[in-house]
Amino acid sequence: MNNQRFRTVDLTMGAVFVVLMMIGANLAYWVPALKITYAGGEVPLTLQTFFAILAGILLGRKLGAFSMIVYLAVGAVGVPVFAEMSAGIANLAMPTGGFLISFVFVAYISGLIIEKASNNSLATYSFAVFGGLIVNYLIGTPYLYFSMNNVLGVPISMYGSMLTMLPFFIKDAVITGLLAATLPSFVTRIQRVSPSLRSQ
Amino acid sequence: MNQSFIIGQYVPKESPVHALDARTKLVIVFFYVLVTFSAETLSSYLILFLFAAFGAVMSRVHPLFIVKGLRPIWFIIILTFILHLFIQRQGEVLFSIFGYAIYDQAVIQAAIISSRLFLLILMTSLLTLTTTPISITDAVETLLKPLKSIKLPIHELALMMSISLRFIPTLIEETDKISKAQASRGIDFRTGKWRDRLKAIFALLIPLFISAFKRAEDLAMAMEARGYRGDYGRTKFRELKFTSLDLIVFLLFIIIVIGFFYFNG
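For the record, the sequence lines run as chains V and Z.
Number 67 in the working numbering belongs to position 67 of the first sequence; there are no gaps in the numbering.
Number 233 in the working numbering belongs to position 33 of the second sequence; there are no gaps in the numbering.
Hint data in this document are derived by calculation from the structure and do not stem from the laboratory.
No residue lacks a Cβ here, since even glycine has one placed at the ideal position from N, Cα and C.
Nothing false has been slipped in among the hints.
Calculated cross-link-like contacts (lysine-lysine; reagent style DSSO-like; alpha-carbon spacing at most 27 Å):
id, chain 1, residue 1, chain 2, residue 2
1, Z, K393, V, K171
2, Z, K345, V, K62
3, Z, K351, Z, K436
4, Z, K414, V, K62
Among chain V residues calculated to face chain Z with C-beta under 8 Å, some are:
id, residue
5, I23
6, P32
7, A33
8, V70
9, V79
10, A87
11, I89
12, V193
13, S196
Go ahead and model the full structure; you've got the sequences and the hints to work with.
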């Protein structure tokens, strides 16, 4: 019964994806081109959201979401897997923690869209990617509002928190849109060489 | 850099706090966090602080490590403190900065919220400073065991956590190698137009994903060849031990909580 839910290879694939997620969150370390100059300082871009979407696309909705839960758990026990090599439960309680928590749902939704789609066209991938991105903000922004008011005790309106996140949303939409365009060839190339992914 | 990933924030030392069972520490930190959110009076905060400080001293972890662990959060604590000073408009005017009045209630409120944050982070980082990620994983698995009866994949969660801990150094090394290999073939990871930057990212990601999934498939094969079939009939290499020290710490914590609610009114 219980063992039938995930095959052994699902468990190892999901576990390895947690590490890929960690690398995606800190990719600017290897690819300095990802650092953008903004307001006088260098801001490293993270591909976390994109990787969470990939988890859903490559691993399927169930395993993708589950591996995101494992990612959060590994970060919570103190291994620096979150963006900028940070770790700890505190990251989840802080205002931006909702974006981390939302990855579970992001992977699920993106995976669901891919699984339900009849073909693997660019349109399907774009739909999956933007579906994921919207879920990311749909959970992250109210959480920011909640955390500001209840954890930090700083009163902020829902409208205010939406306004704060707007520039980030535009930034993410541009990056994810660019990456989505390359997805069809990316996914087929990965699936061709990893036979256990295809049977999802 | 690789070494720091395997052990996370863990600082190896021989101390009573390190010797505690990971389950004990996990349960205490969990209830400590809950209790901290209900703290209202100054003396109740003092009790909580004394307990955390006692733990920090007993852990023999160098204070610098603790400060380092708090580093990403300092900014938020200070920002919260300042915001509260200006937001609260109740009580008597204490003094004013540039014609902007600061109220005494504001100072109290700001101090309460930021010390709450401070305590939460101090206590949770004390857990990760004195316990290896792998034993926290084991503790999570045993504590959540009852949830297996409602078919939550607790064993799978713990297993995947340990596998990913094992793979972190390997895949970081792999990423290093691939990025160097691709750079030697002429891929520019530093500058270029957006189109080229995008290409550079995928020149790194495609080999990385393929090699990572290959490793995962090999591992699954090796596990099945050795007879892995879920947690059915599985025994543990590392056993968690509940000792008399754990009992003493639990009793101490219960006394602290009773004292806390007595002073919290």
